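*Asks:* Chain residues, written in single-letter form:
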Amino acid sequence: MSVDFLIAVLITVVGASTPILFAGLGELVTEKSGVLNLGVEGMMLVGAVAGFATVDLTGNPWLAVVVAAAAGALVSMVFAVLTLSLSANQVATGLALTIFGTGLSTLMGKSFTGHGIKAFTTIFPDWLANDRIGKVLFSYSPLVYFSFIMVGLVWWFLNRTRAGLILRAVGENDLSAHSIGYSVTGVRYAAVAFGGAMAGIGGAAFPLVLTPLWAEGLTGGRGWIAIALVVFAGWKPGRLLAGAYFFGLLGTLELYAKASGTVFTALLPSEGWAALPYLATIVALAIISASKAGGGNAPACLGKPFIPST
Amino acid sequence: MTDTPPRLSLRGITKRFPGVLANDDVSFSVRPGEIHALLGENGAGKSTLVKMIYGIMQPDAGEIFWNGERVVIQNPRAARKLGIGMVFQHFSLFEALTVLENIALGMDAKIPQRELEGRIRKVMQQYGLTLDPRRVVADLSVGERQRIEIVRALLLDPTLLIMDEPTSVLTPQEVDQLFVVLRQLASEGCSILYISHKLHEIKALCETATILRAGRLVDTCDPRVETSRSMAEKMIGGNLKDIQKPAGRSFGREKLVVTELSVPAAGHFGVPLQNISFRVHAGEIFGVAGVAGNGQTALLLALSGETTTPDAQAIRIDNAGIGRLDAKARRLKGLASVPEERNGHAAVPDFTLSDNSVLTGRDRLKLAISGIIRPGAARKYTGEVISTFSVKATGTEATAGSLSGGNLQKYIMGREILQRPEVLVVSQPTWGVDAGAAAAIHQALVDLAAAGSAIVIISQDLDELLQLCDTLAVINGGRLSRAMKVSEADINEIGLLMGGIHGEGGQAAAPAVPAGLGAEATSAA
Numbered sequence: 001m002s003v004d005f006l007i008a009v010l011i012t013v014v015g016a017s018t019p020i021l022f023a024g025l026g027e028l029v030t031e032k033s034g035v036l037n038l039g040v041e042g043m044m045l046v047g048a049v050a051g052f053a054t055v056d057l058t059g060n061p062w063l064a065v066v067v068a069a070a071a072g073a074l075v076s077m078v079f080a081v082l083t084l085s086l087s088a089n090q091v092a093t094g095l096a097l098t099i100f101g102t103g104l105s106t107l108m109g110k111s112f113t114g115h116g117i118k119a120f121t122t123i124f125p126d127w128l129a130n131d132r133i134g135k136v137l138f139s140y141s142p143l144v145y146f147s148f149i150m151v152g153l154v155w156w157f158l159n160r161t162r163a164g165l166i167l168r169a170v171g172e173n174d175l176s177a178h179s180i181g182y183s184v185t186g187v188r189y190a191a192v193a194f195g196g197a198m199a200g201i202g203g204a205a206f207p208l209v210l211t212p213l214w215a216e217g218l219t220g221g222r223g224w225i226a227i228a229l230v231v232f233a234g235w236k237p238g239r240l241l242a243g244a245y246f247f248g249l250l251g252t253l254e255l256y257a258k259a260s261g262t263v264f265t266a267l268l269p270s271e272g273w274a275a276l277p278y279l280a281t282i283v284a285l286a287i288i289s290a291s292k293a294g295g296g297n298a299p300a301c302l303g304k305p306f307i308p309s310t
Numbered sequence: 001m002t003d004t005p006p007r008l009s010l011r012g013i014t015k016r017f018p019g020v021l022a023n024d025d026v027s028f029s030v031r032p033g034e035i036h037a038l039l040g041e042n043g044a045g046k047s048t049l050v051k052m053i054y055g056i057m058q059p060d061a062g063e064i065f066w067n068g069e070r071v072v073i074q075n076p077r078a079a080r081k082l083g084i085g086m087v088f089q090h091f092s093l094f095e096a097l098t099v100l101e102n103i104a105l106g107m108d109a110k111i112p113q114r115e116l117e118g119r120i121r122k123v124m125q126q127y128g129l130t131l132d133p134r135r136v137v138a139d140l141s142v143g144e145r146q147r148i149e150i151v152r153a154l155l156l157d158p159t160l161l162i163m164d165e166p167t168s169v170l171t172p173q174e175v176d177q178l179f180v181v182l183r184q185l186a187s188e189g190c191s192i193l194y195i196s197h198k199l200h201e202i203k204a205l206c207e208t209a210t211i212l213r214a215g216r217l218v219d220t221c222d223p224r225v226e227t228s229r230s231m232a233e234k235m236i237g238g239n240l241k242d243i244q245k246p247a248g249r250s251f252g253r254e255k256l257v258v259t260e261l262s263v264p265a266a267g268h269f270g271v272p273l274q275n276i277s278f279r280v281h282a283g284e285i286f287g288v289a290g291v292a293g294n295g296q297t298a299l300l301l302a303l304s305g306e307t308t309t310p311d312a313q314a315i316r317i318d319n320a321g322i323g324r325l326d327a328k329a330r331r332l333k334g335l336a337s338v339p340e341e342r343n344g345h346a347a348v349p350d351f352t353l354s355d356n357s358v359l360t361g362r363d364r365l366k367l368a369i370s371g372i373i374r375p376g377a378a379r380k381y382t383g384e385v386i387s388t389f390s391v392k393a394t395g396t397e398a399t400a401g402s403l404s405g406g407n408l409q410k411y412i413m414g415r416e417i418l419q420r421p422e423v424l425v426v427s428q429p430t431w432g433v434d435a436g437a438a439a440a441i442h443q444a445l446v447d448l449a450a451a452g453s454a455i456v457i458i459s460q461d462l463d464e465l466l467q468l469c470d471t472l473a474v475i476n477g478g479r480l481s482r483a484m485k486v487s488e489a490d491i492n493e494i495g496l497l498m499g500g501i502h503g504e505g506g507q508a509a510a511p512a513v514p515a516g517l518g519a520e521a522t523s524a525a
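Here the protein sequences come in this chain order: A and B. With the first letter of the first sequence counted as 1, position 128 gets the number 128 in the numbering used here; the numbers rise by one all the way through. With the first letter of the second sequence counted as 1, position 265 gets the number 265 in the numbering used here; the numbers rise by one all the way through.
Just chain B, same shape as in the assembly (with noise of 0.2 Å):
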């Protein structure tokens, strides 16, 4: 080992963005076959690292070694050309394209379709992956996609891949297949720099763990012999804080009840909901779990009041029927909701905070009356809500886009919460949220249920809706499982419900659902 070079090697790397410094004097190398974890925060810096290493940006300052030379890395083409690939955390694909024509795009050297193909169906066979080349994207499921993704990178035979946040969207099952193809990778002597915030797949996958806390690195580590724990503390750089949920709580009676609710389908790619049915009691926190794209946010607007059904009983509050009722209407019965998008549909970039206070506000705080606004009420609600909340603003009047996007979700979060609704429906309430700022959404949150208010959690986070939820049900191609109660619920069986009809090959997993599962969902609560 001491006389082979690493096979990256970074000395002193520094980026500035006007008002950041994004990387401070970032210094670590990669060995050979090494799977190597980048940890942070959001914003820590992690991404903007990689991307100098991908030559996507160029550092102001520091040097990168490649198998012990000093080499500078112009553009993506460059270090594709070293051996580097790496894989996206947003897919950088093109949906209306096939398979075949997305991995061509990614491949510098022009290679004829059928030998392409030939060569993509060897490597797929090689590490297990199965895909068909010609099929178009958009029908593809986010796992599938990944895959496309990694087999692009593969077929340039890289000896560093590069993975970025790669399991943020995949099942329980998605991860353990993707971990076998890098632990294979990983013995053929390939290195991989992994990037992630979920500690548990560190310690499962990584070697050694190179922790960046507000663009300079804290801490080198191996992951094997820390506890989720202690990496998490180094993340964060101080003491992390436990959720506080009283154990043994009792529900209070049903808040809210949904029946056989069905939505059609809104535009070409979205999902209809199909006869979701289940109920969340007073104090009762209700997790749909699912990967993205398989109802969520049809079933979100649903429940605010966005969408409409027909059938008023479909949703009740209350044992009253809200199902005709729209969002304005049911925020007066006490239904407020958290949309998963912030800039733009939860809050309105260029208005200030008191100003987006009164619009979810207005009625039931009476932040307007008879369509006059009470400036002094909205500012001083919106102040109580920042300070609650610890939420970092130059105050009151600072625009909602000004926020960074934890200290935004904050105060929407706080906007809600404060308003004590009967029943409050959120969507990712932590994505791409800070560990700081989510462990105070989470206690939130708790808090509110505990002062026997309902909550539905729609999140892709398992993690988080195990942690939180008592009652959990999955979401797969717009229909929900059964409800399972958290502390009785079986990982594996949500992963099987998770992948669904999405599952491997996008057919082959279908039975993993059983037939009837609606129907069962109305009496398991």
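Looking at chain A on its own, in the form it has when it is part of the complex (with noise of 0.2 Å):
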């Protein structure tokens, strides 16, 4: 194998990655407020078709970035309305999101089947990506970069700003930052209108970064890996980036599998790397439901309604 080579697994990795990070991220942002939200997938999906749609009609990119975030929002308020203002039960609410953001985007993207459209192209002057570590360095899409910083500015938000601190304790205590006169329901709904935009980014992310074309559920079930990687990264950004890019390793070596043959499928046929990333999932979670402090660094209101009294 290459330097040549390994440097194009690297940045198919990268790729690969970006989306599940971004909505990795948003989901930690609004699990950690303790709501939990199974609607990453739908969400994902009409970001996508959002962002998808925008470029096609504009042809600017990053105004499809902020469409697509701001659609994921909207319809992660539908979530907030049902179970923050009517304390619908979550999980159940999470799913119908996921079927009903599948199905929307399914809807609004049956008359870009076959369009293509001109995807991100990299921000810095060509130069630069001369030479391989130019080229491992600044080849990406700008949303690559821009996933980076958002790991930073989450970690920093909950760990150095009041207002992470004050989101951290309502995830952690609802009705003792209730009493302190806090609006729990009020933090919740920014945090999920964040995690919803979050998704909605990493699901236009798929046509912008991966595959300028539209296909009918594009984002493949990587809303649910998004979920499952919180868990795994304990509700904390940096493992979480860690996490992001390992399950995107792992996506990135079935195509290869799929594709260049003999080398990979001598190891195991391309089916099992087909299947590598969920055997990761469980071994992952296998690990840490049997370590104790995985399992203990869950926000204690994670999932429970807010009811306040009087």
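Calculated directly from the structure, the hints in this document are not laboratory data. From a predicted model like this one, the values you see are computed outputs, not experimental measurements. Beta carbons: idealized from backbone N, C-alpha and C, even for Gly. A hint or two may mislead.
As the list claims (entries may be wrong) - Quick list of simulated restraints, FRET-style, between CB atoms:
1) 176/B x 304/A: 34 to 40 Å
2) 376/B x 81/A: 47 to 53 Å
3) 175/A x 253/B: 47 to 53 Å
4) 58/B x 77/A: 28 to 34 Å
Starting from two chains that each stand alone, build the complex the way the hints lay out.
*Replies:* Have a look at this one:
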């Protein structure tokens, strides 16, 4: 295997990891506020179709990111109204949101089938990516750099700002936060909206970064992996980054196994490579539930509806 | 005094909930620097009243005056702005966050972390409170957690501090420390509104007591000249019945013998039981004192049979090893138990009372034969429980969840006691139960012992244990101290044992438990 081949693999991994990273970061913040939104897959698909449509109509990928975020946030508000204002069951509502989002994206995407769009180009001048190091550092879509910035921002927000502290407090003990005088429902609305926006961007990363063609259900279950990833990462943004790239790597290996055969299929049939991310999910889950530290990190109010007294 | 207006004055405060009048035309005043007790049974309306003072709820009618001026306290933030601080009965702390983060959350102003830490250290020094701001709350003892709440309130320089049942979870030593802090605060001019139903504490601390009953103000008195009994009678609005405890009782043979019982910790925050040994004779009431979270839950589960031990001989009834038997088999052997949590553990809230009776009485009372329930027998037995223990319920078909806490507890205690168990293990028999119901439950326990049963009471209420028990041991960190006769027990020693490794600063008081106490327990009883 040549160095150039490895660089090509790396670049694919980065592309494959970015949507999971966006969606996972959003879900992490949502869950830190005590809300379990299982609708990530649906919100990603809505973001994907909104982003695709924007580029198709305007040709502006930057606008597409904004529209995708807004669309993701908008559908997440359906979830928020049902679960936060009307105290509906979060698990059931989240599942319904996924079904709703999937259907909506299929319907809206009907007319785009077969359309191609011009995806993001790199923001750096071409000469920067001429040598190998330059290629590894500077050849990506702007969304990739944005995802890294967001990891840092989310970490900083949660651990270094007062608003982040309040958000964690709301997820840890909603009744206490309420009695101190914080608006539990308000904080959760904001967190759900942020989660929706990030899932929307993650979904839009599929047409904008990976495959500039519309295909039905193009997220292929990455929303579910993002949810699992939040648990694996122990609700920590840094570990979420590592986890997203780990899953991105596994997904990429599958692609290469299918495409280039022999080297990979000698080790494992391509179906085996395809199953790897899911096997890894199970192994990671088992390891985490066996070790005490991993399971104890969950926000204490995760998934519990908040019903204030009077 | 006459020309300074009262710090806080309530006039005609009324609050109505669906079906209940929580506060009915309550008026009283608190002077600057006064320690004012708010006294009443559970459900008398104390908590509702202070929630309105702190802005968590709004009164339906009535006025609040602050330093002579009429105010409307919209929310806790507004209350804090006026200078009202509150320490809650159930701490409003965030377990996964540090002490510093918890305090920062309670501050309305944005203060840089370093400056806040400096101010915290200053306040702690001023009042002799020890606490490490960097520790995570989940690792702290109850007393330390309360200190966080107090520091949080003090940082706002309050001129009125509301304390909602602050001592219910503290050791006697921690109570003394708290009182020192409160007296110092009052001497500096801060008024304190002290909610409690512990009368001797109110006598020791407070200058004025306002007594509430069923939402109404029934009396205002000076607790220093009243007796505990006279205040208790005002609280319940009737005569207090003394417990009839026959003097000079003799015990029968050994009923329940626990030898070197060890149980590994359950779950993340569980406490392991280590070498617990004690024995209880027929007719004896054995008390297990201790601060919450020291292994009481694990002990109850191990005794009731919800967790079993590999060593059958670790728990014996009448010399038969029952360590490996589950709860059902232990019930057949005559061991009944009442866990702390009434709704969801001792009783199924959505089941009727007679169905709940079947759950524990199915074998011993034959309320179910070969798997078929006998509804008539269950109803008859439940009716008996209801009438014997004066349970206020709409009948045997009322759901357990529809009963008030005290009445449900009376039903649950009655359900077990009328089965005449050989051994009864109860946890927190009168937790959150009003004084009248508590007296009835206490009397029933004493009567059951007099009839020859062995009783184990696990309680955080030391007064209750001293009143009821013949023998007492203290549980701390999953270890049980030696057993001591209540008549010879020294309250200071019990307090130190309760403090154990959880005392000052979390480590300093460790030597309070001499090594080898666990071994002595076997020989003591």
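*Asks:* Does each hint fit the structure? Answer for all of them.
*Replies:* Status of the hints after comparison with the structure:
Under the hint 34 to 40 Å, the C-beta atoms of residue 176/B and residue 304/A, about 38 Å apart, fit the expected range. Here the CB-CB span from residue 376/B to residue 81/A is close to 50 Å, well matched to the stated 47 to 53 Å. Distance hint check for residue 175/A and residue 253/B: the Cβ-Cβ separation is about 49 Å, which falls inside the suggested range of 47 to 53 Å. A hinted range of 28 to 34 Å for the beta carbons of residue 58/B and residue 77/A is consistent with their spacing of about 30 Å.
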